[in-house]
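Novice: Take a look at the letters that make up each chain.
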Amino acid sequence: GESVGLHLPTLSVQEGDNSIINCAYSNSASDYFIWYKQESGKGPQFIIDIRSNMDKRQGQRVTVLLNKTVKHLSLQIAATQPGDSAVYFCAENMSGSARQLTFGSGTQLTVLP
Amino acid sequence: GAVVSQHPSRVICKSGTSVKIECRSLDFQATTMFWYRQFPKKSLMLMATSNEGSKATYEQGVEKDKFLINHASLTLSTLTVTSAHPEDSSFYICSARSGTTNTDTQYFGPGTRLTVL
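Line order of the protein sequences matches chains A and F.
Residue 113 in our numbering is what sits at position 113 of the first sequence, and the numbering runs on without skipping anything.
Residue 23 in our numbering is what sits at position 23 of the second sequence, and the numbering runs on without skipping anything.
Within a straight-line C-alpha distance of at most 27 Å, the following computed DSSO-like cross-link-like pairs (lysine-lysine) qualify:
| hint | chain 1 | residue 1 | chain 2 | residue 2 |
| --- | --- | --- | --- | --- |
| 1 | F | K41 | F | K64 |
| 2 | A | K71 | F | K41 |
| 3 | F | K41 | A | K42 |
| 4 | F | K64 | F | K20 |
| 5 | F | K42 | A | K42 |
| 6 | A | K42 | F | K14 |
| 7 | F | K41 | F | K14 |
| 8 | A | K68 | A | K56 |
| 9 | F | K14 | F | K42 |
| 10 | F | K20 | A | K42 |
| 11 | F | K42 | F | K66 |
| 12 | F | K66 | F | K14 |
| 13 | F | K66 | F | K20 |
| 14 | F | K66 | A | K42 |
| 15 | A | K71 | F | K42 |
| 16 | F | K64 | A | K42 |
| 17 | F | K55 | F | K66 |
| 18 | A | K71 | A | K56 |
Derived CB-CB ranges, DEER-like:
| hint | chain 1 | residue 1 | chain 2 | residue 2 | range |
| --- | --- | --- | --- | --- | --- |
| 19 | A | Q45 | F | T101 | 19 to 29 Å |
| 20 | F | M45 | A | R51 | 20 to 30 Å |
| 21 | F | Q60 | A | S105 | 11 to 21 Å |
| 22 | F | D104 | A | G59 | 11 to 21 Å |
| 23 | A | N18 | F | K41 | 20 to 30 Å |
| 24 | A | D17 | F | D65 | 46 to 56 Å |
| 25 | A | R61 | F | Q29 | 27 to 37 Å |
| 26 | F | L76 | A | F46 | 15 to 25 Å |
Hints are computed from structural coordinates only; laboratory data are not their basis.
Yeah, the Cβ is synthetic: ideal placement off N, Cα and C, and Gly gets one too.
One chain only, chain A, in its complex shape (with noise of 0.2 Å):
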């Protein structure tokens, strides 16, 4: 069936250093994809959204790139802080459609000191 996975179940990365996150997506038709960051015992936070007609998007310190050709959608944080440990969620969804976002399995990201 149709799925969005994660490369990594687990990253850890070097405080001050930068962070890349990837999740692969199957269904070729999604034109919609969210990043979301998840605390522990939190619901998740929206991070940052990019639709199928754009390859990149920047925000403060996040910047999501997509490749429809091999589909699939990374996070770029820079400078990774210790409040950016957490758990990362890739989700899609297909605009005009009746389904609903389809979330991936989730990167846990450690900073270390």
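The hints should help you fit chain F onto chain A, whose structure is shown.
Specialist: The following block gives chain F in isolation, referenced to the frame of chain A:
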């Protein structure tokens, strides 16, 4: 803006009792609310979608008679876990969407930790 609250944040109940969880959009009107379930170290699993004033749409495998959803107003949806059993213990998260298209942003509540003894 776009704050979603849930109450209670934690609840412990005895097996066989019912538990009600509230989800509120505090600063916007939510035409659609969603209920998710999340097991430890797992992703979010959509349970049901509710639109204000109409019956909820349940995902395959989710028992609608066990997980009762009411969306009586544009700012409040409730999930009632009826006759709870230990296997219903989980983290329940709601989200709310103000727009009418499925790609409008969903804002999530802080979650409710349910433990059934």
